[in-house]
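K.L.:
Since chain A is already given, all that's left is putting chain B on it; use the hints.
So you can see what is in the structure, the chains are spelled out below.
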Amino acid sequence: MPMPSSVYFCLLRAVFLVCFVNPLIILGLSEDVNEIQDHHHHQPKENLTGLPIVTFKWHHVQTPYLVIIWVFVAGLAKLSVVELSHHVTSVFPESGLLIMLGFVLGGIVWGADMAQSFKLIPPTFFYYLLPQIILDASYFMPNKLFFSNLGAILIYAIFGTCWNAATVGLSLWGCYEAGVMGNLDIGLLQFLLFGSLIAAVDPVAVIAVFEEVHVNEVLFILVFGESLLNDGVTVVLYNVFDAFVSLGGPRIDAAEIFKGIFSFVVVAFGGSFLGIVFAILLSLLTRCTKHIQIIEAGFIFVVGYLSYLTAEMLSLSAILSITFCGICCQKYVNANMDEKSVTTVRHAMKLLANGSEIMIFLFLGVTAVDTEIWVWNTGFILLTLLFVFIYRIIGTFLFTWMLNKFRLVPIEVIDQVVMSYGGLRGAVAYGLAAMLDEDKIPEKNLMISTTLIVVYFTVILQGITMKPLVQWLKVKRAAHSDLKLIEKLNNRAFDHILAAVEDICGRIGDNWWTRGWNRFEENYISWLLMKSKARKNRDYLFNIFHKLNLEDAINYVSEGERQGSLAFSRSDEAANVDFKKQFGSEFADVMPNIMVDMSNYELGIEHFSVTSIVKDTIPSVSLDIHGQDRKNAMDDINAHHLLQQHLYRSRKNHRHKYSRSHFSINQNEDEVQEIFQRTMRSRLESFKSAKMGVNPAKKITKHHKKELMHKMPNGHTDSTGHLYGDEVDRAVGRDTGAINSTFMRDMYTIGAGIENPVFLPDMDSPAHSPPWLMETEAVAPSQRAQRRLPWTPNRLRRLAPMRISTCSTDSFLMADVSLTLEEHEEQPQTDNEDMRPVFD
Amino acid sequence: MGTSQSGPVHRFQDLAHKTGFSIEEIKTLNTRFLYLTQDEDTLRREHLANVSDLALNPIRRQIIEAFFDKRNMGEKERGCLQEIGFEEFVTVLSFFRPPKPHTADEEMKNIKKEKLRFLFNMHDTDNDGIITLDEYRCVVEELLSSYEIIGAETAKAITDAAMLEVANVTVGQMAPDEFYEGITFEQFMQILKDVEIETKMNIHFWNLDTMTVQCGK
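Chains as they are written, first to last, in the working numbering: chain A, 252 to 1091; chain B, 4 to 220.
No wet-lab data here; the hints were simulated from the structure.
Here the structure is a predicted model, which is why all the values come from computation and not from measurement.
Some hints could be false.
BS3-like mimics (lysine-lysine), calculated; alpha carbons at most 25 Å apart, straight line [said to hold, decoys possible]: (1) A:K395 to B:K118; (2) A:K656 to B:K73; (3) A:K725 to B:K196; (4) A:K727 to B:K203; (5) A:K727 to B:K116; (6) A:K739 to B:K112; (7) B:K203 to B:K103; (8) B:K103 to A:K727; (9) A:K725 to B:K115; (10) A:K656 to B:K115; (11) A:K725 to B:K203; (12) A:K739 to B:K116; (13) B:K116 to B:K203; (14) A:K395 to B:K196; (15) B:K103 to A:K725; (16) A:K727 to B:K112; (17) A:K798 to B:K116; (18) A:K656 to B:K203; (19) A:K727 to B:K196; (20) A:K739 to B:K115; (21) B:K30 to B:K103; (22) B:K30 to A:K739; (23) A:K727 to B:K118.
Excised from the complex, chain A in its bound form (with noise of 0.2 Å):
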């Protein structure tokens, strides 16, 4: 045998020993291997007289070699699948095209081993790959809607589960006895067992394939969430019903018969409870890990594997409760962590989740390329796909007419038509049809193969037709708003009015019971759960708010640097200023003032602001400065090159300090000082220009525009088409430039850095005559930058809160001098915003 094609061989068998085979096949398989091996090794070994260079070690790394190669080979394969022409990929759902790639890897290993020795095996199956899907689509479940659905999930889930289960079971059972299936050695119970295996619907497959349908939420999250906890309860059933063939047919009674319901409940119960403990343990812990950020992330995934283990150990229901474990942690997991471990966990978790759902499906397909496990029964298979198909329309029928007595707004019968549709099966029955036990249930192999069948009929035909039907019955749609933060306004005010409604009319109504729940949350539970801090930022429109603040100043910073803004990329000669001690006291001088001055001006303005958002309380360039002759171009200049000095600089450049249990940009307290006190000087001149006389541009109307433009001093006033043009913002931001350094002189004389020789006037740079100069020195963008920024729209609207509450963001700033830089780098939002008047 040719060394290459055998080390190949090894190879892929060994992958699929280590992955996927269970320690019995590992065992069976390995003596296999071990032949095949020897035979390799036997040469070297033979001429071993002296010491080996190097050696061949293939058997020690065998195993995570082939696990790792064929965690590879999915990769590789999602990767091509996704590649795959648009066409391909827009007809067939990925979970099918993975599949059929299945088929291809399978037909390969098997063309090489001429036997399927590798299947996706039950233990690898259960503890290994699924319970991070799970988890995954449990951390990021929509609790609201969720819960808002909960009845009619359980009632699917639950009922629709036992429903299946059971017609599916008793009629196969019918048609045995009636003889068209011919001659097998299956029982009721057994039948009744397969049913149980084969009415779950699969989270997988769902997933994999609404995820690319987008129909509305409350369509999705039915049948997501049925598919999620109807996993549980089929467990729970295929295991009653397991004991009872275990049992026997006669030794059934009442008794027996109460008591697997009465398990059915503990178990599925039990084990949400279980679920919902580990979480509140998950929760405590992260209230403390603040030290230990960097592996605070881990304890999701542990805590949540943990949860999984424990109810398998108890023999309670796991995926319940690794789903329970889920729903209810994330919302104080997330509080109480760093934001930055938050994103960690986000991705990783996505990261396994995406990985377990490629292998399944994969190995859905490789498996089956298989002569061994392949028994056909063209009765029971047919049958069985379409009792699965017809009953789970019943069902979905059935149960929706009986919810929709109940609901206020009814599910319409195009979602029910969906829904039943979406009945997918997966992996989650295949591997319980694995786990069937051939002593007791001799036709084992044909109820893995029917098992293999429904699931490659119902993830690859039905998920190719999925998105047509869903076309052609025109389903509501998920709606995507970009309306974030009003939307949730409106949410909010909404649920108080409804509220408010029911308790005129004196009904005990959802609404009720919601605001009752959420009082007790929040007085009680989110006390044990949650950092103190954490509550303070918890709410979710300030979390909103918070995040499309963040999302500006990215967005700001990076527009900026592509724009070519110099303010973001500074030379490295640093002023050495002792900031900290002018500082302190020009900061204690002009503090108060500063309060007097913003509780005045706002409520001078108040009467001001009826037609015009834009309120700045703090008068950034006066339309007035425009009277305010060149004179003082000179410091213009000056000015400017002391800027330029002085600027912070966006420094991502890592220092690189290797440590292993930190993991942060570079930045040390000086510096976020340093930061702090430049924004602050910069709102300190602003102040004092407005204390000085003059007008404050608090509003901006077209009078307003027209009286900048006659007052531009420049001799453009004509040249109202250009007005955008460079020469006008140049002109402009030099008067600008000049009245703001004359305030600036004035501060420095009081005893800043003026005797700093960076500070010192300069004169050889005119040519570089900036025009972004203006009075904010934090990160003064270009003036490039500062024109065309606020005209997307996306800009005039994520900059509006900075725009317009300047005063409330210098009141975070003065609460807090220990900010982070993150939120230095929101300030020249308002800078520039402060400065846009002018350019209107």
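P.N.:
Chain B only, in chain A's frame:
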């Protein structure tokens, strides 16, 4: 209430016809009305202030005002009433009646519009057809007032951001000298068009809690 006199029954039928409630629902609501007013004929604001659950509602003021707002009575008048009778009470509540199944599309649109109009009026306190920034700010401040951590300033900032969102979506790119006056009803409809208000702004009017009426007082 069980004893039927020809007067009330006739009145109820009229009301049922007018508002779309069933006679049963009208009867239950009447019981509730009498409980709230303590058997008087008219309902005043202080009556509603006695509803204990309402006390915790941050925007109760607006909701209570909506009950006394003439615009919600189906008339063209403006302004506020000091007290309302049962008919007005039911009229206001009928905004929250779920639409009957198999309603035609046209009618559904009207229902949606009415419901939105009710919400709009609630925000548009001075009835000039525009929700101005100040008006909206009031709403948001009240809305967030139950979270003591979020100060008025944050509320203001949030309002402003929200308002600009609206401006951005409804008006699109504004000329530099344009300013956004506030949300008009058309814009209000536009921003809420994706929210299926006709299916959400509903409450069940069966199973009302009449127990308190019998035991209470």
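K.L.:
Of the hints given before, which are not true for this structure?
P.N.:
2, 17, 22
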